[in-house]
Amino acid sequence: MSTPLLEVDDVTVAYGDLPALRGLSVRVAEGETLAVIGANGAGKSTLLKTIAGLLRPQRGDVRLDGTSLDGVPAHVRVARGIAMSPEGRRLFPSLTVEDNLRVGGHARRPGPWDLARVYDLFPLVSERRARPAANLSGGEQQAVAIGRALMANPRLLLLDEVSLGLAPVVVAQLYAALPRITEQGTTVLVVEQDVNQALAVASRVQCLLEGRTVLEAAAADVDHAQLAAAYFGVEAR
Amino acid sequence: MTWVNAVVQGILLGGLYALVAAGLSLMFGVMRIVNLAHGVLAIGAAYLALEVADRLGWHPFLSLLVVVPVMAAVGYVLQRGLLDRALRGGELAPLLVTFGLAIVLQNLLLEQFSADAQRLDVGSLGTASIRVTDGLSIGWFPLLSAVVGLLVVAGLGQFLARTRTGRAMRATSDDQEAARLMGIDNRRLYAIATAIALGTVAVAGVFLGSRTTFDPGAGATTLIFAFEAVVIGGLGSLWGTLAGGVVLGVAQTVGAAIDPAYGILAGHLVFLVVLAVRPRGLLPAAVAR
Amino acid sequence: MTRVEPAARGAGQDAVPPSAGSGGVRVRRSGPAAWIGGGVLVVAVAVLAYLPYVSSRGTQIDLVGLFSLIVLGTMWNLLAGYGGMVSIGQQAWIGLGGYGLVYLAGTLGLDPFVSIPLAALACGLVAWATSYLAFRLSGGYFAIGTWVIAEVVRLLVIQVDEVGAGSGASLTAFSGIDPQYRIAYVYWVALGVAVVVVLAVYLLMRSRIGLALTAIRDEPTAAGSSGVPVTRAKRLVFVLAAVGCGLAGAVIVANTLRVQPGSIFSVDYSATMIFIVVIGGLGTIEGPIIGAVVYYLLQDGLADLGNWYLVVVGVIAIAVTLLAPKGLWGLTRGRLSVFPTGYRVGRGT
Ligand SMILES: Nc1ncnc2c1ncn2[C@@H]1O[C@H](COP(=O)(O)OP(=O)(O)OP(=O)(O)O)[C@@H](O)[C@H]1O
Ligand SMILES: [Mg+2]
Numbered sequence: 001m002s003t004p005l006l007e008v009d010d011v012t013v014a015y016g017d018l019p020a021l022r023g024l025s026v027r028v029a030e031g032e033t034l035a036v037i038g039a040n041g042a043g044k045s046t047l048l049k050t051i052a053g054l055l056r057p058q059r060g061d062v063r064l065d066g067t068s069l070d071g072v073p074a075h076v077r078v079a080r081g082i083a084m085s086p087e088g089r090r091l092f093p094s095l096t097v098e099d100n101l102r103v104g105g106h107a108r109r110p111g112p113w114d115l116a117r118v119y120d121l122f123p124l125v126s127e128r129r130a131r132p133a134a135n136l137s138g139g140e141q142q143a144v145a146i147g148r149a150l151m152a153n154p155r156l157l158l159l160d161e162v163s164l165g166l167a168p169v170v171v172a173q174l175y176a177a178l179p180r181i182t183e184q185g186t187t188v189l190v191v192e193q194d195v196n197q198a199l200a201v202a203s204r205v206q207c208l209l210e211g212r213t214v215l216e217a218a219a220a221d222v223d224h225a226q227l228a229a230a231y232f233g234v235e236a237r
Numbered sequence: 001m002t003w004v005n006a007v008v009q010g011i012l013l014g015g016l017y018a019l020v021a022a023g024l025s026l027m028f029g030v031m032r033i034v035n036l037a038h039g040v041l042a043i044g045a046a047y048l049a050l051e052v053a054d055r056l057g058w059h060p061f062l063s064l065l066v067v068v069p070v071m072a073a074v075g076y077v078l079q080r081g082l083l084d085r086a087l088r089g090g091e092l093a094p095l096l097v098t099f100g101l102a103i104v105l106q107n108l109l110l111e112q113f114s115a116d117a118q119r120l121d122v123g124s125l126g127t128a129s130i131r132v133t134d135g136l137s138i139g140w141f142p143l144l145s146a147v148v149g150l151l152v153v154a155g156l157g158q159f160l161a162r163t164r165t166g167r168a169m170r171a172t173s174d175d176q177e178a179a180r181l182m183g184i185d186n187r188r189l190y191a192i193a194t195a196i197a198l199g200t201v202a203v204a205g206v207f208l209g210s211r212t213t214f215d216p217g218a219g220a221t222t223l224i225f226a227f228e229a230v231v232i233g234g235l236g237s238l239w240g241t242l243a244g245g246v247v248l249g250v251a252q253t254v255g256a257a258i259d260p261a262y263g264i265l266a267g268h269l270v271f272l273v274v275l276a277v278r279p280r281g282l283l284p285a286a287v288a289r
Numbered sequence: 001m002t003r004v005e006p007a008a009r010g011a012g013q014d015a016v017p018p019s020a021g022s023g024g025v026r027v028r029r030s031g032p033a034a035w036i037g038g039g040v041l042v043v044a045v046a047v048l049a050y051l052p053y054v055s056s057r058g059t060q061i062d063l064v065g066l067f068s069l070i071v072l073g074t075m076w077n078l079l080a081g082y083g084g085m086v087s088i089g090q091q092a093w094i095g096l097g098g099y100g101l102v103y104l105a106g107t108l109g110l111d112p113f114v115s116i117p118l119a120a121l122a123c124g125l126v127a128w129a130t131s132y133l134a135f136r137l138s139g140g141y142f143a144i145g146t147w148v149i150a151e152v153v154r155l156l157v158i159q160v161d162e163v164g165a166g167s168g169a170s171l172t173a174f175s176g177i178d179p180q181y182r183i184a185y186v187y188w189v190a191l192g193v194a195v196v197v198v199l200a201v202y203l204l205m206r207s208r209i210g211l212a213l214t215a216i217r218d219e220p221t222a223a224g225s226s227g228v229p230v231t232r233a234k235r236l237v238f239v240l241a242a243v244g245c246g247l248a249g250a251v252i253v254a255n256t257l258r259v260q261p262g263s264i265f266s267v268d269y270s271a272t273m274i275f276i277v278v279i280g281g282l283g284t285i286e287g288p289i290i291g292a293v294v295y296y297l298l299q300d301g302l303a304d305l306g307n308w309y310l311v312v313v314g315v316i317a318i319a320v321t322l323l324a325p326k327g328l329w330g331l332t333r334g335r336l337s338v339f340p341t342g343y344r345v346g347r348g349t
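Chains as they are written, first to last, in this note's numbering: chain A, 1 to 237; chain B, 1 to 289; chain C, 1 to 349.
Read the hints as simulated data drawn from the structure, not as lab findings.
Here the structure is a predicted model, which is why all the values come from computation and not from measurement.
Beta carbons: idealized from backbone N, C-alpha and C, even for Gly.
Wrong hints could be hidden among the right ones.
Simulated coverage check for chain B against chain C, where a stretch passes if three residues somewhere in it have a Cβ under 8 Å from a Cβ of chain C [stated by the list, open to error]:
| id | stretch |
| --- | --- |
| 1 | 23-34 |
| 2 | 83-97 |
| 3 | 212-224 |
| 4 | 263-274 |
Only part of the chain B face toward chain C is listed, based on derived beta-carbon distances under 7 Å [unchecked claim]:
| id | residue |
| --- | --- |
| 5 | V104 |
| 6 | L110 |
| 7 | F113 |
| 8 | A115 |
| 9 | L282 |
Next up, chain A with everything else stripped away, as it sits in the complex:
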């Protein structure tokens, strides 16, 4: 098997003394869409922040294309092709929508995505381009956050809880854009609490519980009872 694009290898990350990831391993092949699911506090956001370089693992290694990212700061990882839409969007509230997108392209990585393509992907965002990002609805903000990450032309796109606080219709609209992203060859790692949404878009799912993997399967042949059990950490019957 060829080297996966992303390898998270036996990683332990702790806040103070409390470990949030306990020897976790995750692999994502080039072009694949992996969904990481899990209940509140399972460690999903911690995983993404570790991949993005905001947190440093106590143990284990994160590799991109076989190259260790140990000691590589977050801003350099963006230049290497890892972009993230963080939990809670985290737009720059005092900047306009367009400036938010431009900041997303700060690293000037070449690739298919630019302002025009992002506006084409999310026409609503295009209409709001001159507005301060603080004045958008939640769904619009999430679209800008995804567009902003795309502006970095990532090889690996990390999406943290796109559905957070949004109505199901809006969530569906946002995820409808995902195929147009992956068809560019972009590898995607989505983190979701909304299991059905995750299963719909991903080729594979990995379920976390207390910083460990409790279930890993192809999205097509997931046993829902088993998944529910893993998700909540109870024995499957």
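Starting from the known structure of chain A, arrange chains B and C with the ligands on it as the hints suggest.
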């Protein structure tokens, strides 16, 4: 006519105060650092210009070619060497460090240049003026410093609004962690911001030192006037700082027209009144955080 | 002999949290070190109180300077270390205290020893009023704001002819007293002020307000939402610090018999206070005392250095802030504690 004259002179003085305040405003805007060494650094730049003028026989304005890059380099190193560390040390650390720096610099200047008052000599430009009417004439130097103040404020505004680096600074100011996720190296950006701030401080110092005499202790009032301009105008708004500088300048000149002893006091009192009735300043930033 | 107090409201019984496992957890404030330290301190104060009978006037005048430094450091620590407020305008209250003494004892003819606390109270009153302006600013801008207030106070004071306007005034109220006695009295007053101020801060920090202050310092927003009256506690600290600095200012003037606006309102006082606290240890009661002693000794030892003195002290303060933010006292790593205001959780008894 004296009143009209006082107001006009105050407006021009306000341009100079905006020039002095721009760097303070920028550093606070980008890094949330209140640089208590701001005033002393401006005075330090004036002494540097004095040295250049003395040794090379250059006009003070020409000395800017040396003073601005030197101060910008000082800013870059200062940020990388001291202030980055201080930022990691909690809320009080940057204040303690910049205050300590102010005391150290002031006493180094005292040691080097003594407490004697100095002045940069801009030649006939210092006294030449345009006569508007009998009671009103506008000096070329105050006019020039006001124009430079305006240009610096406008230039900084355009830099922040339009350039890639300026945008990155605004983004970092909003959310430092999210900015890192966009590929922004915030430490480098901070160093650039401080370098630019001290570049403007250098210009401000040369104009201050040409306008009146200065001594190593003059950093105190310099910092205070810059701060008053920033707060009167509204934190985080460069145009507000310009407005604040003008209000402060007018308050001082009008106060001094009543009684020369009241000039500075009048400025302080107007500042306190603004603080009491409009604590967010005259032109607060559009999006408050 | 260990004094035990439960964490929250001080009911005076051993506190054993229900979550304690085998052995139990005792929350306590003081250990043997505190009792030894406290004893040493009592002896030190007693010896210092006896000093006027055996020492020269010069020594006493010198030591009054040290006592003022202790008061000033303690007050700045109360503001910044406990209240989270960096002020560079405390010279306002030092100056007002000094001028208050001159005005009350000199112009109005009150007893100088009564005038000292009265002047300090006046400082508290003015500080209370100005806090409504200063508190509109925060962080670094609060710092400069306090400085502006100090400048305004100075500019107003030099308009007052009764206290010598711009040139200052002499304190003549003591002229009826034999200098030998005067110096000793002032010495005792200064020592008393230092002891009272340090004890007052100690007691304040052990009170409910002290707990609130610690909460504010550690997490301002959380403290606000948990019902701790943040602004009221801060205002109290601001006023108390002004009273303490006013006392110090009055003592300084009683010691030197002269007040001069340029020096009594000098921002150098704030620099001194900051250096004392930073070098000694921010956020502890012992830190400012140690810092004051170190500053006093350095001042004596490096007197020949002139301006270089403040350069050296400034560099030390910057280095301490960045490299050892807990200061000299922090180097003991909590092994010593004369004034235990925090809580220590230890296993068993
Ligand atoms: N900054 C932090 N400091 C301390 N503990 C943290 C921090 N962030 C997360 N944790 C803890 O680490 C664990 C994992 O948190 P994480 O945010 O990764 O979970 P998550 O799976 O993303 O949860 P959610 O679905 O709520 O977003 C949790 O127990 C959480 O309380
Ligand atoms: Mg999460």
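Quick one: which hint numbers does this structure break? Sort them smallest to largest.
-> Of the numbered hints given earlier, those the structure breaks are 7, 8 and 9, listed in rising order.
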